[in-house]
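Top line first, the protein sequences correspond to chains F and Z.
Sequential numbering from 140 applies to the first sequence in the numbering used here.
Sequential numbering from 9 applies to the second sequence in the numbering used here.
Calculated from the structure, these hints are not laboratory results.
Since the model is a prediction, treat every value here as computed from it, not as a measurement.
Accuracy of the hints is not assured; some may be wrong.
Claimed, not checked - Straight-line alpha carbon distances no greater than 20 Å define the calculated PhoX-like cross-link-like pairs of lysine-lysine that follow:
(1) Lys-142(F) x Lys-65(Z)
(2) Lys-244(F) x Lys-156(F)
(3) Lys-180(F) x Lys-17(Z)
(4) Lys-65(Z) x Lys-79(Z)
(5) Lys-91(Z) x Lys-22(Z)
(6) Lys-247(F) x Lys-180(F)
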Amino acid sequence: ELKVEQNPLFLSMQEGKNYTIYCNYSTTSDRLYWYRQDPGKSLESLFVLLSNGAVKQEGRLMASLDTKARLSTLHITAAVHDLSATYFCAVVLVGAGSYQLTFGKGTKLSVIP
Amino acid sequence: DGGITQSPKYLFRKEGQNVTLSCEQNLNHDAMYWYRQDPGQGLRLIYYSQIVNDFQKGDIAEGYSVSREKKESFPLTVTSAQKNPTAFYLCASSIFSLFLADSSYNEQFFGPGTRLTVL
Chain F
140 ELKVEQNPLF
150 LSMQEGKNYT
160 IYCNYSTTSD
170 RLYWYRQDPG
180 KSLESLFVLL
190 SNGAVKQEGR
200 LMASLDTKAR
210 LSTLHITAAV
220 HDLSATYFCA
230 VVLVGAGSYQ
240 LTFGKGTKLS
250 VIP
Chain Z
9 DGGITQSPKY
19 LFRKEGQNVT
29 LSCEQNLNHD
39 AMYWYRQDPG
49 QGLRLIYYSQ
59 IVNDFQKGDI
69 AEGYSVSREK
79 KESFPLTVTS
89 AQKNPTAFYL
99 CASSIFSLFL
109 ADSSYNEQFF
119 GPGTRLTVL
């Protein structure tokens, strides 16, 4: 069974600071997705990471994937209040005749002035 | 204006009743998905459809049923067999199934969600 763990689950950070959210998963996969969810809202796709060493950047967010370590990171640079949201990673596993798509529990980020 | 719509936004159900949640997309996507989200939790996959007239169980399919008779529609029925149906339900679609196509443009788009409460 594919397990996906995010940490931290809660993160309070000051504006202007840098921080990293971690997503670990239990079974080798090279398909990982990051999403953002604002309170009471639906999910928005942020990044699609499909190979070892993949790095994607959008604004103050940068995501990377290390398939050997089974780890993805979401790095926040010089945080601003607008980045306050819950961030989820999701891993897709394609096996012999079986498919799994598992989300982490999410990291709730609060950026304070 | 392309996108995914879900209705209703809020739904109240009495115990023992079946209810159907609507999901429609006009993005011409082959694949559609249903997820359940409980407070403070990630999403869990209920059912997915990789192409019209096909659907497969996800991790928590018990007590739910779906159909995919049209490409643009993927309704979810929550039956009375689902023991704890109160949750936020999200529908999503992608150009191709995430399980079949590992392309960077093949991302999921989500609908606004339906909040189901059992009274």
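Hint check:
1. Lys-142(F) x Lys-65(Z): Roughly 18 Å separates the two Cα atoms, so the pair holds.
2. Lys-244(F) x Lys-156(F): 24 Å, violated
3. Lys-180(F) x Lys-17(Z): Since the Cα atoms of Lys-180(F) and Lys-17(Z) sit roughly 11 Å apart, the hinted pair holds (cutoff 20 Å).
4. Lys-65(Z) x Lys-79(Z): Given that 20 Å is the threshold and the Cα spacing comes to 18 Å, the pair holds.
5. Lys-91(Z) x Lys-22(Z): 12 Å, holds
6. Lys-247(F) x Lys-180(F): Given pair Lys-247(F), Lys-180(F) holds - Cα atoms ~14 Å apart, limit 20 Å.
Going through the hint list in order, the structure does not satisfy hint 2, though it satisfies all others.
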